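Note that the protein sequences, when read in sequence, are chains A and B.
The letter at position 265 of the first sequence is residue 264 when you use the working numbering, and the numbering goes up by one with no holes.
The letter at position 284 of the second sequence is residue 283 when you use the working numbering, and the numbering goes up by one with no holes.
These are computed hints drawn from the structure, not numbers from a lab.
Computed from a predicted model, the values in this text were never measured in an experiment.
It is possible that part of the hints are untrue.
What the hints assert, rightly or not - Just so you have them, the derived chain A footprint on chain B, three or more residues with Cβ under 8 Å: (1) 233-243; (2) 326-332.
Unchecked claim - Residues from chain B that face chain A, not an exhaustive set, calculated with beta carbons under 7 Å: (3) Glu42; (4) Arg193; (5) Arg211; (6) Asn213; (7) Tyr214.
To be verified - Interface residues of chain A toward chain B, partial, derived using beta-carbon atoms under 7 Å: (8) Ala68; (9) Pro169; (10) Glu192; (11) Ala208; (12) Arg211; (13) Leu308.
Where a beta carbon is used, it is the ideal one built from N, C-alpha and C, also for glycine.
Protein chains: 2
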Amino acid sequence: MLGQFDPEFTALMNETMQMLRDLFRTSNRWAYPIDGTSRSGLEAVLTGLIEPGDRVLVPIFGRFGYLLAELSERCGADVVTIETTWGSVFDPAEVIEAIDREKPSIVAIVHGETSTGRAQPLDAIGRACRNRDILLVVDAVATIGGMPVETDAWMLDAVIGGTQKCLSVPSGMAPITYNDRVERKLIRRKRIERGIRPEGYSDDGDPAAFIRSNYFDLTQLQDYWSPRRLNHHTEATAMLYGLREGLRLVLEEGLEARFTRHRLHERALVAGLEAMGLSRYGDDSCKMTVVTCVRIPAGIDGEAVRSQLLADFGIEIASSFGPLKGQIWRIGTMGYSCRKSNVLLGLAALEAVLPLHGAAINPGTAVKAALDRYAEAEGAAPDA
Amino acid sequence: MLGQFDPEFTALMNETMQMLRDLFRTSNRWAYPIDGTSRSGLEAVLTGLIEPGDRVLVPIFGRFGYLLAELSERCGADVVTIETTWGSVFDPAEVIEAIDREKPSIVAIVHGETSTGRAQPLDAIGRACRNRDILLVVDAVATIGGMPVETDAWMLDAVIGGTQKCLSVPSGMAPITYNDRVERKLIRRKRIERGIRPEGYSDDGDPAAFIRSNYFDLTQLQDYWSPRRLNHHTEATAMLYGLREGLRLVLEEGLEARFTRHRLHERALVAGLEAMGLSRYGDDSCKMTVVTCVRIPAGIDGEAVRSQLLADFGIEIASSFGPLKGQIWRIGTMGYSCRKSNVLLGLAALEAVLPLHGAAINPGTAVKAALDRYAEAEGAAPDA
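Using the sequences and the hints given, assemble the complete structure.
As structure tokens, this is what we get:
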């Protein structure tokens, strides 16, 4: 353990910031982790940006869209939501139409909605927001490091990533990045904390405007993450070591190679599930590569299957939320766990367990189908 | 890494709760960590308890009292502060008088103020608050596990601990406990999150009353930490392993043995500093055992001494904040680091470094004085 102001430690903080810029594909000055789990990053950005009464548009296509609306409401926003059928995403034109109708000052949207396994294309929405001087906040918790997230190219103003999804870093930090458009709004709401105010500081700002959270006050956090090193919290040392090492591995593999790897194993998994005769859920044209949603066959107890997979095979697959509870399983292929052996073991286990729970599947086909897909990818002819 | 709903992991969560109850010396149902650094625990409790306009009394005797006032203000409280000379603490009667004058609904106070190294006696204040049906919130970040914190016996309604001080667990979690008086107020402000609301749920509560943070919403967190396991954030798995192991070691040593150990090494350190001829800062009658404040000798560059201790000896001592910046050093003897070898090495290094920076000290005396104190404690006659 190093002390938070030990020069060795602050050097690690700076290295981590640079690696986060590379991860988010941005030249933003600000890219650092919030010391909390993923939703702490969402709350930090929204709490910093939303003044009570600000109009925030949240397009919803799954559970985590609701979370953005919820967080915005708690910040006192005038929240407007639009919703599209779960299992699909928005045509960007629909979102832009809603923007022009509702005239929000902020749009908050999920990139990869893990609850439904769908990814929202963001480039046209980003351009539209920029043209209208609206701030666009993006929840990329489930996609960062597994699928392309182009902060600068897509004109995203603030992006929040997650650690325990595609970065394979333990849960407990939320990497964020934001640009100078965001920073300008934050700075207007800045207020120096009692107890560390410099001589002569007078707090004559609008009390309604200042940021309502101290822990999530990005104006203080950026002072802490800058050469000023203004004392705020005590950085979560061990978590930072984990994040830095995880980012190092991600960048060593290379983002493009990583995205390709996630696509490869997703395709093998999908081939196996299809061969088994399972139906998938949702619109394929916007499917996330890092999670695959499978319809639970009629009459099967999805929870009993999940429990047996965990207890007997040490394999954990997820259920989902709200209207999808009991309807689908979600199989993650994220980060370190996204590998051939896991795909093959997962398919073999599922094929073995499903008939025990009364599901009629095509036996002896899933692993073969996945192996064929791997062979194809290696440019070899499938095993005849 | 285990999944957050893996029965093996939820069993670890339950074990950790029981160990936290033992640590806080409470029979409270609720004792669990907030996933953030220490001040996240303070903010979670205050955000949950303070409704806009609630009158909160904060007695201040150092920097972290200011933080409690700051956090309460950001929650929209009507904050009243009283302040006593830094380096001392309040006579409990002064606080009780202020309570009767100001009639707050909540009192928030620091137990061990690390910025000045003083500990506030809390039992009389606790009793007074209970008699008047006022909620008492205590920041025990710096004392928990190092000095007695008697949640139930002192009638403290909510207590927040820290990990990286006397527990020697990495920064990044904030253990809290609170009783049913606190829970009743929280429940009045409860609101189920959009996206996981059960069929038929209607949110007809007072929008001004609901808890403004989602991440710090204790009503959701206690549902997550209870057998209901309502999905909220994804628990910080690796941090929880660290907290559980740290608590196991603390309880294995035993709280009383631990407090005695902290007193022993503090006394040896103080004997060494006195022999060297350094003055200490503050009122001895309320000195924390886990941190010792030393006046920087006149004309000495305190930061240069600190830097050399760190660079050449790998020993980190702290400066302080606000009016004490440049005036004192703070030497921690906390948790794992509170041991004979560290006390002796610290004294030897300080004795070697101070003359290089121009300080006149009594050479060759500090380590001897500390060793004598250790010998006394072992019941042997001091080395003649």
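*Checking against the hints above, which ones are violated?*
The structure breaks hints 2, 11 and 13; every other hint is satisfied.
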